[in-house]
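**Student:** For the sequence shown, the working numbering assigns the number 16 to the initial residue and increments by one for each residue that follows.
The hints are simulated quantities; they were obtained by calculation from the structure and are not laboratory data. Predicted model, so just to flag it, every value in this text is computed and none were measured. Be a bit skeptical, because a hint or two may be false.
What the hints assert, rightly or not - The list that follows gives simulated cross-link-like pairs (lysine-lysine, DSSO-like), each with its CA atoms no further than 30 Å apart:
| hint | residue 1 | residue 2 |
| --- | --- | --- |
| 1 | Lys74 | Lys106 |
| 2 | Lys134 | Lys51 |
| 3 | Lys134 | Lys67 |
| 4 | Lys64 | Lys102 |
| 5 | Lys51 | Lys64 |
| 6 | Lys120 | Lys96 |
| 7 | Lys134 | Lys64 |
| 8 | Lys96 | Lys67 |
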Amino acid sequence: MRINLPDSLVESIRNENLVLFIGAGCSMSLGFPSWKGLVIDVLNELDIKHGKTSNLNFKNLVSNVDSGVVTLFEALNRIEKEGGYFKPEVKQFVNNKIDEVEIEKSSELHSLLCQISSKIITTNY
Numbered sequence: 016m017r018i019n020l021p022d023s024l025v026e027s028i029r030n031e032n033l034v035l036f037i038g039a040g041c042s043m044s045l046g047f048p049s050w051k052g053l054v055i056d057v058l059n060e061l062d063i064k065h066g067k068t069s070n071l072n073f074k075n076l077v078s079n080v081d082s083g084v085v086t087l088f089e090a091l092n093r094i095e096k097e098g099g100y101f102k103p104e105v106k107q108f109v110n111n112k113i114d115e116v117e118i119e120k121s122s123e124l125h126s127l128l129c130q131i132s133s134k135i136i137t138t139n140y
């Protein structure tokens with residue numbers, strides 16, 4: 016299949032002036048969690064470890080995030096404002112979650128994107 020690209024885009028690719036803006040969903044094909052999935056995993060982990068001793072109601076936050084009543088950023092802001100001491104633990108949890116992913120083969124999509132431009136901005140966590 017041949018795709019017709021605007022001349023200005025083709026020229027930007029040739030001159031290596033193109034910057035790609037890639038969302039977090041791009042890495043999901045490799046086994047990484049979505050942004051929403053990662054935040055919910057963090058909330059569930061905090062509930063398991065601190066649900067009985069924290070003033071934050073993590074289960075309620077998960078429910079509100081899942082239903083869209085609370086945005087992902089609002090949930091994370093509540094954790095930071097009301098329990099900022101969780102920050103190192105959350106950071107370690109996210110690092111572990113990312114390290115758990117075993118990439119067995121390269122992604123064709125990622126290879127193609129790198130052929131288009133090496134300049135990439137990502138919203139990945």
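**Student:** Which numbered hints turn out to be false for this structure?
**Tutor:** Of the numbered hints, 3, 6, 7 do not hold.
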